[in-house]
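Protein chains in written order, with the working numbering: chain A, 14 to 389; chain B, 646 to 829.
Calculated directly from the structure, the hints in this document are not laboratory data.
Please note that the accuracy of each hint is not assured.
Said to hold, decoys possible - On the chain B side, residues computed to face chain A include the following (Cβ under 7 Å): (1) Tyr-732; (2) Pro-760; (3) Gly-761; (4) Tyr-762; (5) Gly-764; (6) Leu-770.
As the list claims (entries may be wrong) - In silico negatives: residues of chain B with every beta carbon more than 10 Å from chain A: (7) Val-693; (8) Asp-708; (9) Val-738; (10) Glu-742; (11) Tyr-746; (12) Gly-812; (13) Pro-822; (14) Glu-823; (15) Pro-824.
In this text the structure is predicted, and so the values were computed from the model without any measurement.
Beta carbons are placed, not taken as given, at the ideal position from N, Cα and C, and that holds for glycine.
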Amino acid sequence: MVTISGVGMHPFGRFDASVTELGVVAVRAAMAEAGARSVDAAFCGTAYAGVAAGHKVLGQLALTGPPIVDVEAGCASGGAALELAAAAIRAGRYERVLVFGVEKMPKGVIRSTFFEPWQEAAGLTPAPAYFAMRARRLMLDTGVSSDDLAKVVVKNRRHGVDNPDAMFRKEVSVADVLGSRVVCDPLHLFMLCSPNEGAAAVVLEREGLAGDDGRPPPVTLRAAVLRSHLPGSVLSESTPLAGDDETVTPPTTLAANQAYEEAGVGPDALDVVECQDTDAARELLAWQELGLCEPGDQPRILEAGEFALGGRLPVNPSGGLLSKGEPLGASALGQVVEVVRQLRGECGPRQVPGARVGLAHVIGRGANACVTILSR
Amino acid sequence: MRSAQRDRNPEPNGRADQRVGDVATAHRDEPRAVTRRPTHTYAYRGVVIPIRDGLFTLDVGGDPVLVGGFSPSSGRYHFPRAPVCPYSGADDVESVELSTYGRLYSWTAVTAAPPGYEGAVPYGLGVVELAEGLRVVGRLTDADPSRLSEGQPMRLVAEMIDTDEDGGELATWAFAPEPPARGV
Chain A
14 MVTISGVGMH PFGRFDASVT ELGVVAVRAA MAEAGARSVD AAFCGTAYAG
64 VAAGHKVLGQ LALTGPPIVD VEAGCASGGA ALELAAAAIR AGRYERVLVF
114 GVEKMPKGVI RSTFFEPWQE AAGLTPAPAY FAMRARRLML DTGVSSDDLA
164 KVVVKNRRHG VDNPDAMFRK EVSVADVLGS RVVCDPLHLF MLCSPNEGAA
214 AVVLEREGLA GDDGRPPPVT LRAAVLRSHL PGSVLSESTP LAGDDETVTP
264 PTTLAANQAY EEAGVGPDAL DVVECQDTDA ARELLAWQEL GLCEPGDQPR
314 ILEAGEFALG GRLPVNPSGG LLSKGEPLGA SALGQVVEVV RQLRGECGPR
364 QVPGARVGLA HVIGRGANAC VTILSR
Chain B
646 MRSAQRDRNP EPNGRADQRV GDVATAHRDE PRAVTRRPTH TYAYRGVVIP
696 IRDGLFTLDV GGDPVLVGGF SPSSGRYHFP RAPVCPYSGA DDVESVELST
746 YGRLYSWTAV TAAPPGYEGA VPYGLGVVEL AEGLRVVGRL TDADPSRLSE
796 GQPMRLVAEM IDTDEDGGEL ATWAFAPEPP ARGV
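One chain only, chain A, in its complex shape (with noise of 0.2 Å):
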């Protein structure tokens, strides 16, 4: 068995700090939480902070000597660092890993070395208008509306408030939400997370490594699950320029399927998720693929507040992307980390009760799809 023995976070937003100093201030706090001084290996997660951006951070700290190896996977590369570290410690090749993500994203609309440049060009790009299409086929399958979309804001917005780590602490209204600009139709600007700056950092062990004298209780690492697309769906985060079949299995599901069958737990044992909210229809079909609901089932569920804090299985209790903002190679860990907080009960105003048993989820370009599922 795997477990967390510590975690930290810098805040998400933008701050007037290099992305090395991001990261020396979430592993500084990770490993002050696990009380160790030194690691077998680490993996840093991120798509943008170029050329040993890991090395950077551990130079920092003296934490350089063992192997450090950076993570691409775009949206999940904190997952899939995860993943490695998890995996590495199952097979006996370490007992302790550092696994952080670090990331300054650019302003704007994030420019990706996905593409061609004739792809640019041609404006066939733009991220938002991938998450606008796939947001219509979803408002037109499932019956999804826009004031359902606005609700999904409004939940993390709401639960953003009490997160001293998000970018957004204010609560909007759903005529907020509508009355923001129209980005890519269905999608309105509130509706969109915020590419933004940030760091997090998680210490894994293998179980029984060192005692507990003033740790704070360990979080079992029950699945750490990292997958691609099947091909043939044209909206998958994959972006092809084509495909013939929307019914092929998401890699979000792909990866949630195996990583219940590795932790002996079903969709209904979750106590609290932390999911996939680039956009707020991206949200709504995360708690489908991931089996937390039937397909249409989303506006009863949203009206109800079902997966709102004080509902029966609150999901990004952490305010979420949209609250958070997203740093491409810090945001899964951000999720884990807020996971773990809640199982140890440390969340004050947003703390789910009596929390036992949680899911991290991050889907994105690639595509990748990170499941994660810890205990205590």
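Assemble chain B onto chain A, guided by the hints.
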């Protein structure tokens, strides 16, 4: 696969002399900004070149025909043409001309120019399902999503989005409502 139109509009390294001459005639007095604005296929002048070789050909009327792939063993179509069937991995891909008509599957409009794009905004972007069952991403000639609806018939057209170093017009494929909506 070469169409009559393609022969009239040869590759840069094909009949380059004739192409440069055509462009000089068509664009002698026009500022660059004008040639960069997206225009419909029926409005273009001069030589039209696919923005990337191999994606589509142009028929005699100047309309594009997408070049896809078909794998007899999997029975499935794809676009752009790939070295093996992207669904099955089969090594039996044949080049095929895809339907030039289809039905709208999803759509939006882009309101801010993405990085690397120098054309006009807003512009439409959508997914159209062709007769083969293949759903293809492309620009839409209508940038007002409220005028579009699920399943509406669409037709493939060329849109001019840039000029190359010789002044030739670089075209991408796009979809237009068929018949055109009132007031478009």
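Taking the hints in turn, this is what the structure says about them:
1. Tyr-732: 5 Å, holds
2. Pro-760: 4 Å, holds
3. Gly-761: 3 Å, holds
4. Tyr-762: 5 Å, holds
5. Gly-764: 6 Å, holds
6. Leu-770: 5 Å, holds
7. Val-693: Holds: least Cβ distance 14 Å, greater than 10 Å.
8. Asp-708: 17 Å, holds
9. Val-738: 14 Å, holds
10. Glu-742: With a cut-off of 10 Å, Glu-742(B) remains clear of chain A, as the shortest Cβ separation is near 14 Å.
11. Tyr-746: Given that every Cβ of chain A is farther than 10 Å from that of Tyr-746(B), nearest at about 15 Å, it holds.
12. Gly-812: 16 Å, holds
13. Pro-822: 16 Å, holds
14. Glu-823: At roughly 19 Å from the nearest Cβ of chain A, Glu-823(B) sits farther out than 10 Å, so the non-interface label holds.
15. Pro-824: Non-interface label stands for Pro-824(B): nearest chain A Cβ at 23 Å, farther than 10 Å.
The structure agrees with every numbered hint stated previously.
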